[in-house]
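Quick mapping for you: the protein sequence lines, in order, are chains A and B.
For our numbering, add 11 to where a residue sits in the first sequence, where the first one is 1.
For our numbering, add 280 to where a residue sits in the second sequence, where the first one is 1.
What the hints contain is simulated information worked out from the structure, not anything from laboratory work.
These figures come from a predicted structure and were not determined experimentally.
All C-beta atoms in this analysis are idealised placements derived from N, C-alpha and C, irrespective of residue type, glycine included.
Misleading hints may appear alongside valid ones.
Label pairs and their in silico Cβ distance ranges [what the hints assert, rightly or not]: (1) B:Gln437 with A:Leu326: 25 to 35 Å; (2) B:Val509 with A:Leu326: 49 to 59 Å; (3) A:Gly327 with B:Gly490: 32 to 42 Å; (4) B:Glu673 with A:Lys214: 52 to 62 Å; (5) A:Tyr334 with B:Ala620: 46 to 56 Å.
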Amino acid sequence: MTLTLEVIGISVLWLFLFLYVIVASIDFGAGFFNAYSAFTNKQHILTNIIQRYLSPVWEVTNVFFVFFFVGIIGFFPQTAFYYGTTLLVPASIALILLAIRGSYYAFATYGAKINHRGYIYMYGLSGLLLPAALSPVLAISEGGFINMVDGNPHLDYWALFTSPLMWSIVVLSIAAVLYISAVFLTWYANKAGDVKATDLMRKYALIWAGPAIITATGIIYELRGHSPEHYENLLDLWWVFAISFLLFVGTVYLIWKRRNYGLAFILLVGQFFTAFFAYGLSHFPYLLYPYLTIYDSFTNETMAIALIVAFIAGLGLLLPSLYLLFRLFLFDKDYVKGKSDYHA
Amino acid sequence: MVLEDTALLSRILTLLTLSFHIIYATIGVGVPLMIMIAQWVGIKKNDDHYILLARRWARGFVITVAVGVVTGTAIGLQLSLLWPNFMQVAGNVIALPLFMEVFAFFFEAIFLGIYLYTWDRFEDQRKHLLLLIPVALGAAASSVFITIVNAFMNSPQGFEVLNGELVNVSPFLAIFNPAMPTKVAHVVATAFLTCAFLLASIAALRIIRGSTHIYHKKALHLTMKLGLVFAIATAIIGDFSGKYLAEYQPEKLAAAEWHFETEEGADLVLFGVLDGEEPKYAIRIPYALSILAHSLPNAEVTGLNEFPEDEVPPLWIHYLFDIMVSIGMWLAFIAFVYVAASWRGWKFIKQKWFLWLTLISGPLALVAIEAGWWFTEVGRQPWILRGYMTVEEAATTSGQVDLMIILFAGLYFILGIGTIVVLLRMYKRNPIEKELAAREAQKGGEKE
């Protein structure tokens, strides 16, 4: 695998998808934990912490998602044909959930200050349904769920919904969302000096660590039956998954010992980063097995270069802005501790 | 059966999403500029009322941005879901502005978050004003980039088709297509115009409701002056748009004007109903169409009969064109009257009947935005890429579009109601008098 424009393109997109997975997990999980704490009458412990983090960044989270799907159409236009045609229903459902979440979050926190329970539950539940609605795409990309009829792709819903692989991916995505979110919020609550919230989130992080790692391993096993070729590729990268597992152990150890939550979160990001990239690498060069590789779906060279130049220029604008955002909110002690509320 | 026509269903769903989204998108493009101007005036005049104006507009703005973001995400993805064949071509030729739009959006999102949560955090209000510049710029830039994509659909260029393959792609030629300058300018100017009038409507409403506070008068005065500036800009750009159409999309102009025979010294047809090929009850302005199309009263304007029947857009777009132009004229008129009268010190603009006229102008401006987009989109039927790809060829082959229409219609209904309820609550619970009193009390407290 040489460093061609195709490889640069898919790496950029994979990176953005990864970033979306992390920031969206924090967002989706936060909604769920907020709802769960309302259900168990512990809402007063968590709500402030969660809102203080989410309010200035929820819109940014959404852009990572838009970035990914606009980018993939730009670099790999043929994906529009295959995935666009087949994903109408699952993607529309995800869109509706996303719309309800995003707008109602704004309605409630900026606008009417609604504290209605039903709404909080709905918001929390939609956070779990979203990863479930988005994750079948990963199963579809493995091949075996799309039939070509008259030259047009059709999704075989029956095969998809009866596939253990699909359900394993759904379960993994939910477990991972809750795990990532809990570790982040443990760190964030600790930064805020909020002992009760830290303890509660620490408990959730430890609870969800198990399911996250078990389902992840389970999927590798599922792939053995579903796509042997992919499974072989995964085995070749066993050492990357080993590193990932060690990072996982590190995170859990630190959380368990109540030490260094910041480092724990960094290890967690490292764990998902290695696993995510090893998974992507083993899928190479297919975007949709066996119809679409990154080579035959790639855009023309002129456009690819233009996009990469635009990407670099855009990043030059984006990184300092993101740094500013983090410095003002995530890493600003007074803001995190809620000493001052400067909301318009 | 109609329900099996996925091209038609895809059109309906796209229409539904876009019609809903553009309300919020227009507000999203224009209001940041208004907030920025209010903040700037407030700093310059050292007048707390304008700063408060900016702050209160910003609060309402967040609600509309939220819905704008989520419906924008919806249409972004729906393009690929409903028009996969078109997006394949678009990806090859016009991906650059699409990609840049996301960057602009990113930029705006980051600074909007910062702006909203740093109120009073900086001692110096000027620093806070600086944060608004990227918000307003990002908002305008994203509308520029996305309009470029739409302009490309109206006058595609920058590629060649050889045996069904796209060759010789030039992203920059695709961006700088003939429709781009007028379209971009028109979209941006009308968004500013609409927002100025929407905010003027709010001020007028408060005064009609009996608030005598100077704050509302300042708000009305500022927005009406801005309204006049953007109305003039819109009129000038509208004229250029007419000339663009005559040159590059004559069938759209001819359908809009019910102009069948190619002739010199063509009349402009206002209103009326069509009976065969004869507009009835219409007002005809001699030579005006020739002037609109080519700046010369005797210039030749191409008629509809020159085009193959299956490439002629539906003739009802005439009504849309009329609605858009009439409302545009009305907005320019009322803004002019207001500014002239307040300059001369005439009192009638403070009377209820005039305030009512101001009040209805904001919603009318939104109607004009909708009519204008419907006109431009329906006016390029049957093409999705004029001259290259029809709507039929671009549509998805998926059979579940009808169900999705129902789901999304429900969603937009809820979001629409939600926006109205939340905005009303927000301002009713905290009227300006209350907020000012609270600020006074806080300031008094600090001095003690």
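Hints, one by one, checked against the model:
1. For B:Gln437 paired with A:Leu326, a C-beta distance near 29 Å keeps the hint of 25 to 35 Å intact.
2. For the pair B:Val509 and A:Leu326, the beta carbons lie near 36 Å from each other, so the given range of 49 to 59 Å is not met.
3. Judged by the Cβ atoms, the range 32 to 42 Å given for A:Gly327 and B:Gly490 is violated: they are separated by roughly 53 Å.
4. The supplied range of 52 to 62 Å is met by B:Glu673 and A:Lys214, whose beta-carbon atoms lie about 57 Å from each other.
5. Checked against the hint of 46 to 56 Å, the pair A:Tyr334 and B:Ala620 passes, with Cβ atoms roughly 50 Å apart.
Hint compliance for this structure: hints 2 and 3 are not met, and every other hint is.
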